[in-house]
Amino acid sequence: MSISKQPLLQIKDVCVDYVTDNGNARAVNHVSLDIHPGETVGLAGESGCGKSTLAFAISNLHNAPALISHGEILFEGRDILKMDDEQLRAFRWNETAMVFQSAMNSLNPVITIGDQLVDVVLAHKDVTPAEAYAKGEELLQVVGIHPSRMKSYPHQLSGGMRQRVVIAIALILRPKLIIMDEPTTALDVVVERDIMDELFQLKDKFGFAILFISHDLGLMGEIADRIGIMYAGKLVELGTADEILHKAQHPYTKGLVRSFPTIHGPKVRLEGIPGNPLNLLETPEGCYFQARCSLCDSECINNMPPLIQTQTEPSRLVACHKVQPTSVRVEMPA
Amino acid sequence: MTIATDLTQLSPVKTESRFMNFLKKLKDNLARYYKGNPAAIIGSAIVGTIIVACLAAPLLTDKDPNRRVARGHQPPSAELWFGSTRAGKDIFSQVLYGGRSSLTVAFTAAAIATIVSLLVGVTSGYMGGKVDEVMMAITNIVLVLPGIPLLIILAALLGEVGPVVIAMLLGFTGWAWGARVMRSQTLAIRNKEFIIAAEVMGESKWRIITVEIIPNLISLVAGGFVGTTLYAIGAQAGLEFLGLGDASVVSWGTMLYWAQSSAAFIVGAWWDFVVPGAVIALMGAGLALLNISIDQVSNPKLRTGAYIKIWKRMKADVDAKRRGAKA
Amino acid sequence: MSVQRQQDEPIIEKPSIYVEDLVIDFALDSAMFNKKYMRAVNEVSFILKAGEALAVVGESGSGKSTCARALCRLYEPTSGKIYMQDVDVNDKKNKLSQRQYAKEVQMIFQDPFGSLNTVHNIRHHLARPLKIHHPHMSGDELEQRVIELIERVGLSPAKQTADKYPHELSGGQRQRVAIARALAVGAKFILADEPISMLDVSIRLGILNLMADMKKDGIGFLYITHDIATARYFAERTAVMYVGHMVEWGNSDSVTQNPQHPYTQLLISAVPEAGIRKERKAMAKKADIPLWKPESKGCPFAERCLQVKPECSQAMPPVTQLAEDHFVRCYLYEN
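Going down the list, the sequences are from chains A, B and C.
The first sequence begins at 356 in this note's numbering and counts up by one.
The second sequence begins at 2 in this note's numbering and counts up by one.
The third sequence begins at 52 in this note's numbering and counts up by one.
Quick caveat, the hints were computed from the structure, so don't treat them as lab data.
Cβ atoms here follow ideal geometry from the backbone N, Cα and C, with glycine treated the same way.
Take the hints with a grain of salt, since some may be wrong.
Stated by the list, open to error - Here are the computed lysine to any residue pairs in the SDA-like style, where the Cα-Cα straight-line distance is at most 25 Å:
1) A/K560 <-> C/A333
2) C/K182 <-> B/I142
3) B/K131 <-> B/I149
4) C/K210 <-> B/V212
5) C/K100 <-> A/G378
6) B/K36 <-> A/G378
7) A/K677 <-> A/P621
8) A/K622 <-> C/A263
9) C/K182 <-> B/E200
10) C/K337 <-> A/D549
11) A/K609 <-> A/P661
12) C/K215 <-> B/I209
13) A/K558 <-> C/N172
14) B/K193 <-> C/A333
15) B/K206 <-> C/N172
16) A/K622 <-> C/L261
17) B/K316 <-> A/F446
18) A/K602 <-> A/D549
To be verified - Here are some of the chain B residues that sit facing chain C, going by a computed Cβ distance under 8 Å:
19) A189
20) R191
21) F195
22) V201
Whenever a hint applies, use it, and build me the whole structure from the sequences.
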């Protein structure tokens, strides 16, 4: 899959703050990321790392008490954060669509899935209801559901089928970017496998880019071209799927990769990562990972490590004092 | 793994410090309740002032509310702060002493209703099955009975009813709604894993209800109590206004009754009915605010805390910068 | 009949739980006559041994959670027996053994946020079971035991943790408290129903390692999960369930490295392996998971199996022993 050079989506130094009575929690902390047309980028991390918050920011979906307080999000050169309501409406779903974790939360339980597909089409395109209905049937076939299910209600479908419907709704306007936030976490492993395989075929066929958010590194390794690792709101490592899974450099990434026992590998005692996730209202001066890192020293405690390029490829980035860069230092403001 | 056998690390279980701990926790809880919750502050102030004033009646007025102390229908003056009734009784004293009666009845009725609704609702929700069906059938019947007409008929049947009977009437007809609320909340808790864990551990059903379930319902109980008090004040005033209460007892409702029967409105003695009416309304407002504040505590999303203002200010700043940069 | 017990094996000396032909039906409606039932568990047998873990793996609807709850006596078996040290635990006449069983078999749950009561602190959560089962324990002794338990599950500083409320702890810490609570009751067997699936990935191993340490103290585990990799990591033996039936079981390595039942093969192949994009050929037909009723016959996987034979829809296949500790129920191996 050839990746064109001009990025489709450019997240530039974005910060998202949650305003609370006890102070501001910075859920996304100066994160920059590019997604190219047709590319699949994975964003991995655990609860509280900010990956879902970042996903919502891309479509400017945040409400109080969340606030996108800094940065730009450029889609094909246009800043989404500067768009007014009309432009946002035209942008959302046409250019970017989202698939959420729990299909039952995304589907309206009192409307048939056919009506929901038709609603989406009619909201964005100037076609007749009959044409919209035909489009809906076409999309259902694309995701492997018989068109007669257009008349079914969400509760009449199984979990896997509901998630397929949600994917169909996301695809129906042929967006250039689909953001998937833990789309298969709530599903059984066999159903998950079927859906991931179908997603791959759809991606090959329609050529959309995917931002795939999950905590399951193994799954992400299969579908993603590049993977970014987030911790406590900061992007701590970025690289190709192979580099992240097999040549990780950041201690957190290494710990994360080691947290997945394998089915076929050797059976050794794994340790995971000691400690607890960081409380975003009480962030330390230096590296956010210091309390859980075995390599931590005084430099780590006092100075926030910048995200720097560690190989010759500009997209291999690591934020750790203990990792030696081999080339140009690309400094991100801390 | 070393086990802590150092006894100095064990917390002292002496009664005195347990009490201090309890007081400290109470203070912390109160602080948390009032912080950023204007409804709580204003509501407590109103209700607290009225209750304290009624309790301190002998200190605030030296006039007997039942005796004639002036000419009939005197307007408010320095001598009679709220004027006098047709029979020449001091309205200010009547408000204070009458408040004692009204508030006692209201709180008693609320207490009865809350206790019954708690017992019925929680038992029904926890036991399920036949017990649930029977209790809910009874609750639904009581719920459907028209409240005020029933009260009127009962009061008329019993002749002139004193405050005690009114309190019991209101209490035993006003529990049904609360019972349903308690039941649904109990059902929600009942299937949580900590209840199953308690059952598997061998905890008795009674202890599960009192120690595990009911503490989770505290804010509902408080809200129900406040809401029922509000209802009881209005219902009692209504009954007495219609003449079904004991007209010889001074209370806010009977003050309205006497004001009406002495044609105060027609002769222009507005203070005769405005004062008790205003006090009832004020008390009602205070209770309603307390109710809102309790809701906000149990559901933080309802809060209108200071953070919203901060958020709006930050958003305006950020938007201005973006628009500036765009141009 | 029983297949795990070899014929000449002596009565097991260590404490153990033996489940024989467990059947659990649930009513689908509340009709008085002609009630319809669904069969959640169909003739399942297994042994839980002290100091060892048995993983029960399956997808939703497989009946694995129902098995665990039946073992906890939350559900009454429709038929079949559960024995603890050769005593039938559902025998209503034997009250003493029922109470003993209740003490020794405890459960921990999937949701760390639901398993603790938010209005009570940790000390209360651990002191209550101690008081119930040791009514004569004094105040100081009780406190000491609470501290010991908190430290046993790896939470420190213990005294500060005891004063905390559940919402002040993270998911992993709450799950440790749930394990401590099971120990406080006096559990010799812990039924763990998906104990780590709602925890952060980096925390999961900490909990699994804690449970592995407890195995050394003689605690037996029933580990219910949909995650086969952790089943292999933690449990010595694994059983695979599909629609209420146990289709393959035995030593974890045998079952996961050399699966024989078509369903097990499907399950193992579906697991993502770090970064390896496999070319998967279709391993099963697409069909809905059937709703099993008491009248249903045959193998539940028959509708989806690519190697289905006529006898598969007639009756449930008998047990075939493939190796010393590897059993399967499939007509492909019937000899």
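message: What's the verdict on C/K215 and B/I209, does the C-alpha distance respect the 25 Å limit or exceed it?
response: holds, 21 Å
| request: Take the C-alpha atoms of A/K558 and C/N172, compute the straight-line distance between them, and say whether it is at most 25 Å. | output: Violated, at about 50 Å.
Would the pair A/K622 and C/A263 pass a check requiring their Cα atoms to be no farther apart than 25 Å? Answer holds: A/K622 to C/A263 is near 14 Å, not above 25 Å.
Please verify whether C/K182 and B/I142 have alpha carbons no more than 25 Å apart. violated, 43 Å
Mind checking the alpha carbons of A/K560 and C/A333 for me, to see if they're no more than 25 Å apart? holds, 20 Å
Need the status of pair C/K182, B/E200: alpha-carbon distance at most 25 Å?
Holds - the C-alpha atoms of B/E200 and C/K182 are around 15 Å apart, at most 25 Å.
CA of C/K337 to CA of A/D549, is that 25 Å or under?
holds, 10 Å
inquiry  = Between the alpha carbons of C/K210 and B/V212, is the straight-line distance 25 Å or under?
reply    = Holds, at roughly 23 Å.
Hinted pair, alpha-carbon criterion (25 Å max): B/K193, C/A333. Please report holds or violated. Not OK: B/K193 and C/A333 at ~40 Å, beyond 25 Å, violated.
Has the given pair, A/K677 with A/P621, been kept, meaning a C-alpha gap of at most 25 Å?
violated, 29 Å
Item to check | Given hint A/G378 paired with C/K100 - CA-CA distance at most 25 Å | outcome: violated, 52 Å
**Prompt:** Hey, B/K36 versus A/G378, does the alpha-carbon distance stay inside 25 Å?
**Reply:** The given pair, whose Cα atoms are some 15 Å apart, holds under the 25 Å limit.
Figure legend: structure checked against the earlier numbered hints; hints not met, in rising order: 2, 3, 5, 7, 13, 14, 18, 19 and 20.
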